[in-house]
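Please assemble the complex out of the two chains, which come individually in their own frames, going by the hints.
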Amino acid sequence: MTPLLNQWGLPGEDMISQILSVLFYIVFFIFIFYGQRIQMYIMIREVEGSLYKLKYIRDEGRKIAIETIKEIGKPQTDPTARVDRFLEYFTISPQSLDPAGVVWKLEHILDVRDARFKDEVKLMAPAADEIQANNLENTLEAAMALNYIYKVIRHFYLLGKKTLSLYIIMQLQMILPLVMREAEAYASALKAFAYGQPIGDGVGALVAAKLMHGQETRKVAKDCVVATVTIEGRTAYVIKAEGPGGNVGKPGDAIKTVIEENNGKIASIIMIDAALKLEGEEVGEVAEGVGAAIGGPGVDQFKIEETILKYRIPINAVIIKEDIGDAVSPMRKEIFDSVDKAIERIKQVILEKTKEGDKVIIAGVGNSIGIGQ
Amino acid sequence: MSRASRTTGTRIPTLFLIVIFIALAMSLAALIAGVSFLEQNQLLSGYLLLLGFLGVALSTYVLFQARRRLLRLRIEVPPITTTIECKKCGFKNVREFQRGDYVFKEVDLCQKCNEKMLVTAIYREVKEKEKERKF
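Chains as they are written, first to last, in this note's numbering: chain R, 1 to 373; chain L, 1 to 135.
Pairs of lysine to aspartate or glutamate residues, derived as EDC-like cross-links and limited to a Cα-Cα distance of at most 16 Å, are as follows:
hint, chain 1, residue 1, chain 2, residue 2
1, L, Lys127, R, Glu282
2, L, Lys87, L, Asp108
3, R, Lys341, R, Glu285
4, R, Lys265, R, Asp358
5, L, Lys87, L, Glu106
6, R, Lys256, R, Glu306
7, R, Lys359, R, Glu261
8, R, Lys333, L, Glu125
9, R, Lys70, R, Glu120
10, R, Lys333, L, Glu96
11, L, Lys127, R, Glu334
12, R, Lys210, L, Glu85
13, R, Lys210, L, Glu106
14, R, Lys53, L, Glu76
15, R, Lys161, R, Glu48
16, R, Lys222, R, Asp253
17, R, Lys333, L, Glu128
18, R, Lys53, R, Glu184
19, R, Lys151, R, Asp84
Not the full set, but computed from the structure, chain R residues with beta-carbon under 10 Å of chain L:
hint, residue
20, Tyr52
21, Ile131
22, Ala187
23, Leu190
24, Gly202
25, Lys210
26, Val283
27, Ser329
28, Glu334
29, Ile369
30, Ile371
Think of the hints as simulated: they come from the structure by calculation, not from any bench.
Every value quoted in this text rests on a predicted model; they were computed, and no experiment measured them.
Idealized CB from N, CA, C, for every residue including glycine.
For reference, chain L alone in the conformation it holds in the complex (with noise of 0.2 Å):
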């Protein structure tokens, strides 16, 4: 696997990006010559204004499009909670989750009490969109 190929996919490429860059460019002189030519020359101004309108469209769309792909190919990463107990005094302390973490590991003294403190959970929060269930 080369290097290229592991970039792949992972940025817009350079050249799409300056292509639609001059389309854009180009639409906007379009639009704004269409808006100059309004009044000397309807015709010439209407189709440089159609032909403007459509430029911008387009190239933004494509544009948002590209971004949109580079987003769905990220790994999301979802934050992890560990929860930790002090079982004499029932202290609790949540806190990111830390590697070396597992559940029933003894950890830090408690705060409280002075008891060695338990991981009681390590779990991951899902803020799902609330849904109209019909079944």
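Isolated chain R (complex conformation) (with noise of 0.2 Å):
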């Protein structure tokens, strides 16, 4: 080495090795004293790289959704303003101090929120059909949520910088990777809204259309719709949220007017819906359980549950797998393959818990985009 080094024109390796401990004291010193300052500059460069791209994808979604008002809704004016108002909007969840009743009012407040939306979705796309309408309003509610996630980084990111605090940034990009996840997922079901596709979230839904496919549907409560089918020999009621606009009902209520008008002689409930996989599990694999397999704010599982311990009616569930990506984003060949599945599921469990001539319920639960009954 040295020879080469002479060759060169430079020092020999005493000089080099005294050049090296000087620069390894300086950097030993360096790390010592701004270490973690170092280290919260590489967070925050990350973070800020993170927040570049939520930035496009929010900034993105605002344009999709201005796109689709202005092709389908064909307004007389620039629907620009309204929509970014629309971004902005905010619900305050009741108070539950004292939490009796706190259900009833939380109900209250989503149903204005659903009523103001509605409302608005109506003024800014006045050409809009039913249909159209409620995949307007659900394209707005995903554009809503991708601008929320990017004030709520912003913020915490402008904070963490602000304060120069470690544990504010770090916190922040410990989560970033799930923030990302979901804001990407939000992305993906912006065009499928827009284009009124089936998601992920739909397939129990799917299900409940499939079995109440050709036969005569009434509607019950607010956006469901109920047939009466024969299955093994049973009568069953299929709940499902009207289609194919994009909704996702009141099962809640339907299914305690359906149980309701048979006087509580219900055999069993079976509730189907897609539930979040854990990492590993397979994108629609079925489970069966028990319990109401319904998400959302707990409106509607609080009244089914308020039902059935009421007339004391088993509840069912059965669900399908996948993971939040795919739940907002069109629905994934695994998970409609799934479909036969459930009802497979169904059939057995109605064969298994219930006898010849009982009456059953079954609902399939979750948005209703893209899927017709």
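Below, the structure is given as structure tokens:
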């Protein structure tokens, strides 16, 4: 090494080792005093990169929403300002210091929110029919979610930078992979909602749709339909949100109404819904259990549980597993293929848990976008 | 939201590109000079070659990184397939999704038996890489 260094006009090994040891001490002391700060700057850079992506996704979402409104709704004026205002909407959850009756307060707030959204969409897109208006509402909600995610992450990023708090930045950097997954899922949901494509979350509604297809349906509760179908010698009341527009309906009210119509004489309730899978589980895996399989803010689950408790009706659940990305993006083939497996499970449950001539309720829970009946 | 803010991150900034290309050109010039000085002054040639290689490597790396970031920024739109079936004769037609399609929608007449066909499936196919699963 030394002859080569000498040939290039560089000093010998002794000089080099001296320089290296000085450099080592400098680096050592820099890391002792500024190590944490350097680590923080690296994290800030990482968060900044993700924030750029979030901003891009948020802007794309807004653009897609505006374009879809212009294309479908044929508004007389530019809807941009109204969309921007819509993206900033918020909902204040009810006070729960005294939890008694909080569910009804929450339900009321959610109803007001829903009515407000529907009115806004009508104003933005006067030419849209009911199905298109529902899809537009879903598109705007996805854009709203993206806007909110971006703003929250930006808030903590700026706060962390301002206070130079390692712990704020560190927490942000740690949850970012999960946040990014969710944001990417909403980004793909936007297109699905705009085009009215079925999404993974709608698999429960699809199971119900397959069971009730060809039968007469009637409206029961808000945005829900029920059909009376004979399955394995039992009378099944199949419930789903009314499609093909994007909505989840009020399955809680629908189940309650059907139970009360039958004076509580229901042998069993079977609920079908999409459920979040754990890492390592297969997409479209079907599992069976007991309980009210329904997500959301909890109002519908509460109502179902109240009613089945009153009449002592056993409740079974069939779930189809998928991850958050699959739930809000166009339905994957694996999920679509699992519908027949879920129907087989339902039939098995009916055969095992009820007798011939019994009445059962089958409720397919989920967003019915792109799924008729 | 301004127009400027909407385009942020969707393309590589021009100034950034200019700087990268200048660095790349200078590194290439250093490489050429290094080769030409190889016989006259080995020391200078060595330094120039070292600088040239480092410059070329760094600028191409930065350029590819910037491009990768842009690719990561795109929202992928997966192809969606619609399956249409004739319930009478079982004739099946698979085509790309069209706006307005929904499951159980009655569409065009069957080519074989002239019955109304039905949309029976709408889905996207995801090609996942085969991973070795230990657990």
